[in-house]
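Participant: The lines below spell out each chain.
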Amino acid sequence: CPFPQAIVWDEYLTGPFGLIAQYSLLKEHEVEKMFTLKPGRLPQADVKNIIFFVRPKLELMDVITDNVLREDRGRSPQRDFHILFVPRRSLLCEQWLKEQGVLGSFIHREQYSLDLIPFDGDLLSMESESAFKECYLESDQTSLYHAAKGLMTLQALYGTIPQIFGKGECARHVANMMIRMKREFPGSQNSIFPVFDTLLLLDRNIDLLTPLATQLTYEGLIDEIYGIQNTYVKLPPEKFAPKKQGEGGKDLPTEPKKLQLNSAEELYAEIRDKNFNAVGSVLSKKAKIISAAFEERHHAKTVGEIKQFVSQLPHMQAARSSLANHTSIAELIKDITTSEDFFDNLTVEQEFMSGIDTDKVNNYIEDCIAQKHPLIKILRLVCLQSVCNSGLKQKVLDHYKREILQTYGYEHILTLNNLEKAGLLKPQTSGRNNYPTIRKTLRLWMDDVNEQNPNDISYVYSGYAPLSIRLAQLLARPGWRSIEEVLKMLPGPHFEERQQLPTGLQKKRQHGENRVTLVFFLGGVTYAEIAALRFLSQMEDGGTEYVIATTKLINGTSWIKSLMEKLEPAPF
Amino acid sequence: LKESKRAVNSLRDIVDDDDDDLERVSWSGEPVGSISWSIKETASSSTSSLEGRDSSLQKGSSSYAAFPKQVSSYSLSSLFKGRNKLPSFQSLSDALSDTGVKNYAPELRRPKAEYKDYSSDWSPKDTVRRMQRGKVCSLERFRSLQDKLVLLDEAVAGHDGNVITAVLIFLKRTLRREILFRELEVRQVALCHLIHFLKETGEQKLLLDLLRFLDRTEEVALSQYREHLNIQDVEKRREFLKGCIGLPFSAEDTSHIQDHYTLLERQIIIEANDRHLETAGQSEIFRKYPRKASILNMPLVTTLFYSCFYHYTEAEGTFSSPTNLKKTFKIPDKQYVLTALAARAKLRAWDDVDALFTTKNWLGYTKKKAPIGFHRVVEILQRNNAPVQVLQEYVRLVEDVETRLNLATKYKCHDVVIETYRDLKDRIQLTAYKCKVERGSAEEEKINSILNN
Numbered sequence: 186c187p188f189p190q191a192i193v194w195d196e197y198l199t200g201p202f203g204l205i206a207q208y209s210l211l212k213e214h215e216v217e218k219m220f221t222l223k224p225g226r227l228p229q230a231d232v233k234n235i236i237f238f239v240r241p242k243l244e245l246m247d248v249i250t251d252n253v254l255r256e257d258r259g260r261s262p263q264r265d266f267h268i269l270f271v272p273r274r275s276l277l278c279e280q281w282l283k284e285q286g287v288l289g290s291f292i293h294r295e296q297y298s299l300d301l302i303p304f305d306g307d308l309l310s311m312e313s314e315s316a317f318k319e320c321y322l323e324s325d326q327t328s329l330y331h332a333a334k335g336l337m338t339l340q341a342l343y344g345t346i347p348q349i350f351g352k353g354e355c356a357r358h359v360a361n362m363m364i365r366m367k368r369e370f371p372g373s374q375n376s377i378f379p380v381f382d383t384l385l386l387l388d389r390n391i392d393l394l395t396p397l398a399t400q401l402t403y404e405g406l407i408d409e410i411y412g413i414q415n416t417y418v419k420l421p422p423e424k425f426a427p428k429k430q431g432e433g434g435k436d437l438p439t440e441p442k443k444l445q446l447n448s449a450e451e452l453y454a455e456i457r458d459k460n461f462n463a464v465g466s467v468l469s470k471k472a473k474i475i476s477a478a479f480e481e482r483h484h485a486k487t488v489g490e491i492k493q494f495v496s497q498l499p500h501m502q503a504a505r506s507s508l509a510n511h512t513s514i515a516e517l518i519k520d521i522t523t524s525e526d527f528f529d530n531l532t533v534e535q536e537f538m539s540g541i542d543t544d545k546v547n548n549y550i551e552d553c554i555a556q557k558h559p560l561i562k563i564l565r566l567v568c569l570q571s572v573c574n575s576g577l578k579q580k581v582l583d584h585y586k587r588e589i590l591q592t593y594g595y596e597h598i599l600t601l602n603n604l605e606k607a608g609l610l611k612p613q614t615s616g617r618n619n620y621p622t623i624r625k626t627l628r629l630w631m632d633d634v635n636e637q638n639p640n641d642i643s644y645v646y647s648g649y650a651p652l653s654i655r656l657a658q659l660l661a662r663p664g665w666r667s668i669e670e671v672l673k674m675l676p677g678p679h680f681e682e683r684q685q686l687p688t689g690l691q692k693k694r695q696h697g698e699n700r701v702t703l704v705f706f707l708g709g710v711t712y713a714e715i716a717a718l719r720f721l722s723q724m725e726d727g728g729t730e731y732v733i734a735t736t737k738l739i740n741g742t743s744w745i746k747s748l749m750e751k752l753e754p755a756p757f
Numbered sequence: 002l003k004e005s006k007r008a009v010n011s012l013r014d015i016v017d018d019d020d021d022d023l024e025r026v027s028w029s030g031e032p033v034g035s036i037s038w039s040i041k042e043t044a045s046s047s048t049s050s051l052e053g054r055d056s057s058l059q060k061g062s063s064s065y066a067a068f069p070k071q072v073s074s075y076s077l078s079s080l081f082k083g084r085n086k087l088p089s090f091q092s093l094s095d096a097l098s099d100t101g102v103k104n105y106a107p108e109l110r111r112p113k114a115e116y117k118d119y120s121s122d123w124s125p126k127d128t129v130r131r132m133q134r135g136k137v138c139s140l141e142r143f144r145s146l147q148d149k150l151v152l153l154d155e156a157v158a159g160h161d162g163n164v165i166t167a168v169l170i171f172l173k174r175t176l177r178r179e180i181l182f183r184e185l186e187v188r189q190v191a192l193c194h195l196i197h198f199l200k201e202t203g204e205q206k207l208l209l210d211l212l213r214f215l216d217r218t219e220e221v222a223l224s225q226y227r228e229h230l231n232i233q234d235v236e237k238r239r240e241f242l243k244g245c246i247g248l249p250f251s252a253e254d255t256s257h258i259q260d261h262y263t264l265l266e267r268q269i270i271i272e273a274n275d276r277h278l279e280t281a282g283q284s285e286i287f288r289k290y291p292r293k294a295s296i297l298n299m300p301l302v303t304t305l306f307y308s309c310f311y312h313y314t315e316a317e318g319t320f321s322s323p324t325n326l327k328k329t330f331k332i333p334d335k336q337y338v339l340t341a342l343a344a345r346a347k348l349r350a351w352d353d354v355d356a357l358f359t360t361k362n363w364l365g366y367t368k369k370k371a372p373i374g375f376h377r378v379v380e381i382l383q384r385n386n387a388p389v390q391v392l393q394e395y396v397r398l399v400e401d402v403e404t405r406l407n408l409a410t411k412y413k414c415h416d417v418v419i420e421t422y423r424d425l426k427d428r429i430q431l432t433a434y435k436c437k438v439e440r441g442s443a444e445e446e447k448i449n450s451i452l453n454n
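Residue numbers (this note's numbering), protein chains in the order written: chain A, 186 to 757; chain B, 2 to 454.
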């Protein structure tokens, strides 16, 4: 091949790209080598073209500049550089490269518009980690523009969505952009029969509470404890040591065990959205079934029966290893959920969410600060208290601030300021606490929660029903008109738009056929919220199925982290 | 859980552990052939071994289908088949192989389509639209202020931050500062983008000018304060923080910034002093417990801990004494006691611990008091491996009977347990506790004598 290529990857991108392409595919396109982007000289490789796959971030541009400047000019043949921005070409970055004097080294500068990446059969994410920060802290609406573009692509493939509902400032923007884009490209009117009946756009900042609480579904807990990245999770290896005979634990793996988690795995699909307390019984039931299946071999008498048994073996073995993995994961999680600190933390969260003692300094939080628990944990709790009290009393807020700064360092004043700007941590200004009204009207706190056989979405947080999902649920039935008062208490406008369909494409619903709603979370969504929507999809008399899209899959920790001021100067 | 674990383990014996064929996953869990797996692979191996891999990749192609089964009856996976990623990859590599050709014929270097952008006369609207599609456009022909502002407004209406920023870069270069600021003041969205972009690129001076122009004094202050993070040299950092004190922060923040400066000033003095002490080797405490890190830039509570550890007995007049720190920074009693307790317990200085909770009233009687509650004291002491004799003294002081019993049982403070049951006149529990103490020990005797009375 005359022009072999090498790709230099921004490491963050390998995850999302891994979900849509394999190396073999790239290899068909003459990609010979792949490297991770890091400062210094690029590795040797006998290739003609070097392509950088990067996000448009200035700090990455500095690394690239370093790579290019250190390239050996004398080598022959000379290597050509190209840059591919994901998801968008950035003129700011190009300007930056120009100022460093390396822009001319790039023969091609292109973009690869990767707007929405499929994560599962019913889940799409833009994996834009800073979307919330950009929208609510920096008033940069670029990610909303991408969201609107992604929605246009989705409509081009699955038909125009006739109804759009939304709540929040950003939701309004996205809807406006969609309408505008449609007007500007009249050719985009397609003749595809619409798959989705409704689009629901929700701002993250109408429900700041939900991500702060600890998720209690199986998948949610895996994410809270180990962090799921692009459907993969890295786990401590000890519990996964191979127990084969003759190996007697001689080489215990030290590298973390990496597992992919999605609904392709039958067992995982069944347990991922359950409350963790209901997972154990499913696992033991599964274990019995598999044991019984393996026992069958003793009853296989004829050759035909044996053959049938053997043909089922691969499936059974897969089920067995899946069961082994999830049993190990469940054990790991159980160690944590049964710890005293987890219990204390959860108790305080639940007190706040049910409206107990939200207006005074909390003892447990003070204790955690005194023992120097991780700062993010403290911030999550304090923010949760603030949100559940529509802002803290000035005296309480000042007290927390002082304790945090004295214990963790004064420079965190910048982070506290960001949280304040985002509305997560603030003084109570109006003098009135709206949260109790919202909680009662939307039934956010349910005292009798059934974790084993849930009858309400509140099972995902063992009592708290995520506000965002309640809004989706109430929209489907009986409609938002019934909760006008509460909607007004939440920030931003709520609205409804209709997109005209050509007469031939209007849906004639069969009796009993479900409506399909696409819920787009602007600023991120948690696994527990996804679980709650899936629960609603599966309700017998629900009448609505949900497909979920988001700017980023988040949990309280990753979310707060994205809002924290970077205190370390960049390493290069 | 235990049940399923047992089942899994028992199954291991039944099945030949030959599932390697099933899981085409390397130990780190990356499916063989995935991108991140290959990065490691190609970075380390030569081409020849890659060819070897190839055959295994083909075999593994059955696991290629990365698409999961749907949960709902709707399947996005089937829907997504229409959305093939291949074409764009195709065009990318096409484009790249093209470049090879172009490289040999440099005069063709700029593709025609791109060239056209420079010559034709796009309206502001079209320009913005082209830029949104990632095309390069020349903005130079927008000369008048009027034109430039129309261009900016169009960009803002498009909501694409990339384009807005590009136009702002152009305006920043071609407009006088006062005019730029004035026009942005009435264009909030564009203004936010400029502020964000100045922060990103570190154009601190222009940023501060802009914020001052807008009268956003608190932001000016915070933004200036943020700068200290980039100053590595402590002396310079201290000087810089000193300059921050007068900045227009909110009242509450001002006191924090003042404290930050004072703290660093203290740390510099303490550090110089202690480094000297340590190298001289005269001070026993530094010889016995060499410092693990410098105290510079540590939080206040950490500094207090340090001073309780190394400088506990110093008079209030010295900068490094704990009481001086407590006074200067108005550290609350609770915080102070917790920190001092942890430091002294770590040194196993039980007398100091005792003194920490002893108060004398005016008649000269001593009394034990703890602002943090004695159960917390016990926990901290226990974490520092305090001996039972010390521990039980504080367990005894826990007021709540139930907590006291729990702690005493947990940490085997037999005397306390026995005395508590005695006071409660609980014969049954006391009898039951007999089996928890050693046979023939003093404790057992004590129980017996109480029971006999």
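The set of hints was computed from the structure by calculation and includes no laboratory data.
Note that beta-carbon positions come from the ideal geometry of N, C-alpha and C, so glycine has one too.
Hints are not guaranteed to be accurate.
[What the hints assert, rightly or not] Beyond 10 angstroms from chain B on every Cβ pair, some chain A residues (computed):
#	residue
1	Leu245
2	Gln280
3	Met362
4	Arg587
5	Tyr593
6	Pro678
[Unchecked claim] Derived lysine-lysine pairs resembling DSSO-like cross-links, with alpha carbons at most 30 angstroms apart:
#	chain 1	residue 1	chain 2	residue 2
7	A	Lys212	B	Lys136
8	A	Lys751	B	Lys331
9	A	Lys519	A	Lys318
10	A	Lys751	B	Lys368
Participant: Now, for every hint given, state plainly whether the structure supports it.
Facilitator: Here is what the structure says about each hint:
Listed as a non-interface residue, Leu245 (chain A) keeps its Cβ farther than 10 angstroms from every Cβ of chain B; the least gap is roughly 12 angstroms. A Cβ of chain B approaches the Cβ of Gln280 (chain A) within 10 angstroms, the least distance being about 6 angstroms, so the stated non-interface status is violated. Taking the minimum C-beta to C-beta distance to chain B, about 6 angstroms, the non-interface status of Met362 (chain A) is violated against the 10 angstroms cut. Look at Arg587 (chain A): its CB is around 8 angstroms from the nearest CB on chain B, not clear of 10 angstroms, so calling it non-interface is violated.
Listed as a non-interface residue, Tyr593 (chain A) fails to keep its Cβ farther than 10 angstroms from every Cβ of chain B; the least gap is roughly 6 angstroms. The Cβ of Pro678 (chain A) lies farther than 10 angstroms from every Cβ of chain B, with a closest approach of about 17 angstroms, so its non-interface assignment holds. At roughly 28 angstroms between alpha-carbon atoms, Lys212 (chain A) and Lys136 (chain B) fall within 30 angstroms of each other, so this suggested pair holds. About 28 angstroms separates the Cα atoms of Lys751 (chain A) and Lys331 (chain B), which keeps this hinted pair within 30 angstroms; it holds.
Distance hint between Lys519 (chain A) and Lys318 (chain A) is unfulfilled; the C-alpha atoms sit about 33 angstroms from each other, more than 30 angstroms. Only pairs whose Cα atoms come within 30 angstroms are accepted, and Lys751 (chain A) paired with Lys368 (chain B) is rejected, the gap being roughly 48 angstroms.
In summary, the structure is inconsistent with hints 2, 3, 4, 5, 9, 10 from the numbered list given earlier, while agreeing with the others.
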